[in-house]
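First to last, the sequence lines map onto chains A and B.
For the first sequence, the numbering used here assigns the number 1 to the initial residue and increments by one for each residue that follows.
For the second sequence, the numbering used here assigns the number 1 to the initial residue and increments by one for each residue that follows.
Treat each hint with caution, since some may be false.
[Unchecked claim] Sample of chain A residues lacking proximity to chain B, with all beta carbon distances greater than 10 Å (derived):
(1) R26
(2) T56
(3) K75
[As the list claims (entries may be wrong)] Heads up, incomplete: computed chain B residues facing chain A, CB under 7 Å, no partners named:
(4) S17
(5) V24
(6) R26
(7) H41
(8) N58
(9) I60
(10) S63
(11) G80
(12) C90
(13) V97
(14) V103
(15) S106
(16) Q115
[As the list claims (entries may be wrong)] Simulated coverage check for chain A against chain B, where a stretch passes if three residues somewhere in it have a Cβ under 8 Å from a Cβ of chain B:
(17) 11-25
(18) 59-70
Since the hints were made in silico from the structure, they are not lab data.
Ideal Cβ positions, reconstructed from N, Cα and C, are used throughout, including at glycine.
Number of protein chains: 2
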Amino acid sequence: MRDEAQALLAANHSFYSAFAEGDVGRMENLWAEDVNVACSHPGAGPLHGRSVVMQTWNEILQSGGAPGIHADDAKAVLLGEAGFVTCMECIGDARLVATNVFVRESGRWRMVHHQAGAES
Amino acid sequence: MRDEAQALLAANHSFYSAFAEGDVGRMENLWAEDVNVACSHPGAGPLHGRSVVMQTWNEILQSGGAPGIHADDAKAVLLGEAGFVTCMECIGDARLVATNVFVRESGRWRMVHHQAGAES
Chain A
1 MRDEAQALLA ANHSFYSAFA EGDVGRMENL WAEDVNVACS HPGAGPLHGR
51 SVVMQTWNEI LQSGGAPGIH ADDAKAVLLG EAGFVTCMEC IGDARLVATN
101 VFVRESGRWR MVHHQAGAES
Chain B
1 MRDEAQALLA ANHSFYSAFA EGDVGRMENL WAEDVNVACS HPGAGPLHGR
51 SVVMQTWNEI LQSGGAPGIH ADDAKAVLLG EAGFVTCMEC IGDARLVATN
101 VFVRESGRWR MVHHQAGAES
């Protein structure tokens, strides 16, 4: 169980690395393909479906992404073949609250939902 | 699958009913007991652990809750024994973006994580 929690936290870390580096290919590879995915960007309602969600990430990353973004205080909760991580997203002095939901596909954790929003 | 998605949406609906009615007993019963639970209330960082999360719900509901709160545009995604719902929380003219994560315990969907935050 500890190993799986570590793997889940590593997947969460990879998400923020791809985000910080503006790496579209890694970002696309991080997201699940066998189930419907969803995403709520800060200040926006939920989006559903891989193509629309990936389109937003492409736009965000290709317009510069969020250099230096990283997760603080990440905590993982395992739910069998799914799991989620809560963390604070730190971008400079800004801090956002995030939920990242993952699912196991072919033995690795892939993101199926992301919500980030203002802490206050 | 459609039945399970409907059951997941029904659990999400029950959460907002208990919230609107300020029903502490139903709220406590809605939350999972076999796994760690988490919660990010609007404008606050994530909390982990059933006792601390339930304490916040008791305080919110006992101070009046959110009469009239209801979910709009709820969409469910199934992940085996887990699943999540995205929706908009409507309270009067206010709208919040929410993610609600559930897990199956003894055949019913129980909440394991809730994040709500401002739409804009």
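Here is what the structure says about each hint:
1. R26: 22 Å, holds
2. T56: 14 Å, holds
3. K75: Since the minimum Cβ distance to chain B is about 6 Å, K75(A) lies within 10 Å and the statement is violated.
4. S17: For S17(B), the interface hint is violated, since the closest Cβ of chain A sits about 21 Å away, which is over 7 Å.
5. V24: 23 Å, violated
6. R26: 22 Å, violated
7. H41: Nearest chain A Cβ about 9 Å off; hint violated.
8. N58: 21 Å, violated
9. I60: 17 Å, violated
10. S63: Hint on S63(B): violated, closest Cβ of chain A at ~19 Å, above 7 Å.
11. G80: 5 Å, holds
12. C90: Since chain A brings no Cβ nearer than about 12 Å to C90(B), farther than 7 Å, the hint is violated.
13. V97: 5 Å, holds
14. V103: 5 Å, holds
15. S106: With a closest approach of 15 Å, the S106(B) hint is violated.
16. Q115: 5 Å, holds
17. 11-25: Coverage by chain B is violated here, the residue count being 0 at a Cβ distance below 8 Å.
18. 59-70: Violated: only 0 residues of the segment 59-70 of chain A have a Cβ under 8 Å from chain B.
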